[in-house]
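Residues per chain are reported as follows:
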Amino acid sequence: MANAKQPILKNTPSPKTASKKPMDFDRLYAALLLIPSIILVGIFVYGFIGQTMYTSLTNWGQDPAQTLALNPQLKYIGFQNYGDLFTGLLDSRFRQDLVSTLFFTVFFIAGSLGMGLILAVMLDQNPKGESFFRTLFLFPMSLSFIVTGTIWRWLLQPGGGFNQLGNSALNTLFGTDKQYFGFQWLNTRQQVWQFNWQDVPFYTALVVGLVFFYLAYQAWQNRNTNRMIVAAISGLVLLVWGIIWGRNAEWLYPIPEDHGFNLAFIGIIIAAVWQMAGYTMALYLAGIRGIPEDLREAARVDGCTEIQIYQKIILPLLTPITLSAVIILGHISLKIFDLVFAMAGADNATTDVPALLMYLTSFRSNQFAKGAAISMVLLVLVAAVIVPYLYTSLRKERR
Amino acid sequence: MKKVLAAVTVSLLAASAAAQSKQLEIFSWWAGDEGPALEALVKLYKAKYPAVDVQNATVTGGSGVNARAVLKTRMLGGDPPDSFQVHAGQELTGTWVAAGRMDDLSALYKEQGWNKVFPKGLLDLISTNGKPWVVPVNVHRSNVMWYNPAKLREWGITPPKTWDQFFATCKTLQAKGITPLEVGENWTQQHLWESVALGTLGPADYLNLWNRKLKFNSPKAIKVWENFGKVLACTNTDASGLSWQQAIDKVVSGEAAFNIMGDWAAGYLSTTLKLEAGTGFGYVASPGTNGTFIMLADAFGLPKGVKNKTEVTNWLRLLGSKAGQDAFNPLKGSISPRNDSDLSKYSKYSQSAARDFRTNKIVGSLVHGAAANETFMSNFATVMEIYLSTKSATKAANAAEAIATQSNLGK
Chain Z
1 MANAKQPILK
11 NTPSPKTASK
21 KPMDFDRLYA
31 ALLLIPSIIL
41 VGIFVYGFIG
51 QTMYTSLTNW
61 GQDPAQTLAL
71 NPQLKYIGFQ
81 NYGDLFTGLL
91 DSRFRQDLVS
101 TLFFTVFFIA
111 GSLGMGLILA
121 VMLDQNPKGE
131 SFFRTLFLFP
141 MSLSFIVTGT
151 IWRWLLQPGG
161 GFNQLGNSAL
171 NTLFGTDKQY
181 FGFQWLNTRQ
191 QVWQFNWQDV
201 PFYTALVVGL
211 VFFYLAYQAW
221 QNRNTNRMIV
231 AAISGLVLLV
241 WGIIWGRNAE
251 WLYPIPEDHG
261 FNLAFIGIII
271 AAVWQMAGYT
281 MALYLAGIRG
291 IPEDLREAAR
301 VDGCTEIQIY
311 QKIILPLLTP
321 ITLSAVIILG
331 HISLKIFDLV
341 FAMAGADNAT
351 TDVPALLMYL
361 TSFRSNQFAK
371 GAAISMVLLV
381 LVAAVIVPYL
391 YTSLRKERR
Chain C
400 MKKVLAAVTV
410 SLLAASAAAQ
420 SKQLEIFSWW
430 AGDEGPALEA
440 LVKLYKAKYP
450 AVDVQNATVT
460 GGSGVNARAV
470 LKTRMLGGDP
480 PDSFQVHAGQ
490 ELTGTWVAAG
500 RMDDLSALYK
510 EQGWNKVFPK
520 GLLDLISTNG
530 KPWVVPVNVH
540 RSNVMWYNPA
550 KLREWGITPP
560 KTWDQFFATC
570 KTLQAKGITP
580 LEVGENWTQQ
590 HLWESVALGT
600 LGPADYLNLW
610 NRKLKFNSPK
620 AIKVWENFGK
630 VLACTNTDAS
640 GLSWQQAIDK
650 VVSGEAAFNI
660 MGDWAAGYLS
670 TTLKLEAGTG
680 FGYVASPGTN
690 GTFIMLADAF
700 GLPKGVKNKT
710 EVTNWLRLLG
720 SKAGQDAFNP
730 LKGSISPRND
740 SDLSKYSKYS
750 QSAARDFRTN
760 KIVGSLVHGA
770 AANETFMSNF
780 ATVMEIYLST
790 KSATKAANAA
800 EAIATQSNLG
810 K
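Chains Z and C are the protein sequences, given in the same order. End of the first sequence = 399 in the working numbering, gap-free, step of one. End of the second sequence = 810 in the working numbering, gap-free, step of one.
Keep in mind that the hints were calculated from the coordinates and are not lab data. On a predicted model such as this, the values are computed, not experimentally measured, just so you know. Don't be surprised by glycine CBs; every beta carbon is placed ideally from N, CA and C. Treat the hints with caution; some may be incorrect.
One side only, chain Z facing chain C, incomplete, derived with CB under 7 Å [unchecked claim]:
#1 Gly42
#2 Gly88
#3 Leu90
#4 Asn348
#5 Ser365
#6 Asn366
#7 Arg395
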């Protein structure tokens, strides 16, 4: 900034005093304004993240005599808590939670985006009472997850809500007294798409190997032979390793663990999508309305049908909106806690998520260090979602 | 005039200063239905010590799930409540006493002669090395099986006395399309487990589980999980969505035959559902546990370093006294642990429970904090999940043994 203004200021009689004084004051003022928030954020955000990190490397909670003592004496034990979480016999619940979160995130994001887009496209047709419907669709957003969860728990109980409604409707229709529906929305223990956790090394090798092959392909297109060879060989080595040692990694996990998608999550996903679809609808609607009418007109003149206009013009232009919605929804799904707590309770491992397990581990079983380790894993997952996004958007701004 | 005003001001200031110096904060999870019982105690206390400002710090949430988390943050933050509610037994001794946070109450017990009025089984649960740590206020029984007498007569069955009899009854009932045993959400399944464990092992080996003389993966203890699996085969499929009240509702309505729940169910059945004990609802000890009383109790202790030690001690004296317990328990629907309580004040069910309490062998409940420390209790939910998803008795038993070692159970 100072450099940019220098040429103009050079013409003034005494450039140094004239240029420096207001600039210094500005800087001082800015610094004064910023310092308190920097200090506060430093202590209360990064300081505590650091403390949590340190806690996760100690044995806080392993010795009952120290756990709740006035000045607990903590011992540094390195990454043992993390090792336990990912390989320990008793922490298979945490690994199931990771798998559950993955499935939840995928279905929650896909559901919210899909529903939101459908609603937005419908409203874009300018139906009668559009603003009424817009408010109606956006309404669930204003509820807290606890309220949503409580309502949906009632609706999805085996003996209540939807099942009861369906049964009584069919019974009046046919004059019978039968139980047609008995959906176990939240209570089933059934799992689908199971895989053995012992195969994780194989899948990891597979994914990283594929990335290497992609890099090799790119290098081949750019005619960078050296890079292509290195990448292809690395990918091949990884794949071979994964196939030979990565499957049924009994050296890593004592017993086979089948983890998969718990069908009990369907109920929770329905409730979550119900709540967040209005939000994505609002985003999409704003996006669609922001596309200039000229573009559509031009397309129509060129002979596009309405469907083609959406396909070729509107949807591609909505990509940045989709991306930011994915980021927001992705991080909601990582921190989801209240909805699950309200709908299925804290103790059902079939509908457990890491945030809930962190609470249970820390504040019910007093294993503070392990709880801290779970929260650090969550932090890394959130960072994996947010940091690339921030990086690209900051780079765009700089341009 | 001025003088009078000044005198009034001075005395007011003195009064408020006195009030400020004499405070008692009572931390509990007794809200809702249990609120009036606590109120009755506080009223008694205020009548005796009118100068003390009693603050009722209640955190709602069944069984203290939320209160315990709040308590932990307060204790760790150096702001302990003057006296807090805790489940008597290992939940206290394995957690707070082990951490050196409680004061020994031996002197108070001697002064009040409580060693003579509380039964030995209870004293064993609340003491370590002969030192008592808390004053128990009430006692609940966990191993009670509830049924609907009219329906049982209609189906032509009697309450089974052992688990083997139960399995036979189970077949009869399932043939008729009736759920033999109704269970509810996660913790009620663990509640069922402790009744199965006691019914399978007998009181001596049941106690040996908690003092680590019997390993969780010994053949005897594996048998518990096998029996538990057979019992589960006789239960409803929608368990995880039902509260304990909803589960017992099914017994009342005749969709299910039995339910095993603590005796707060008696309060629910008689007060809320207006059923008569003995005719509207029936009760027996859960199969195989006749003559044994799985106990859980609420209690208060004296945390180290509280400001109002005299007031807290007075509060504890009141809690342990006959007058205090007989004011509290009939309202709470529990019985008094004292063997000289006035039974005429209690309901018909409570009277029978009190008789059992005085004659039966007393053991502690796992789920309700008497038998094991918090770390084990909380991780036992994971063991239960391992069993429910693998249906393997050996795996669950090994996991329980691992958790017992990890949480220093019985030390």
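Status of each hint after checking the structure:
1. Gly42: With Cβ-Cβ at 22 Å, over 7 Å, it is violated.
2. Gly88: violated (9 Å)
3. Leu90: holds (6 Å)
4. Asn348: Since chain C brings a Cβ to about 6 Å from Z/Asn348, closer than 7 Å, the hint holds.
5. Ser365: holds (3 Å)
6. Asn366: holds (6 Å)
7. Arg395: violated (42 Å)
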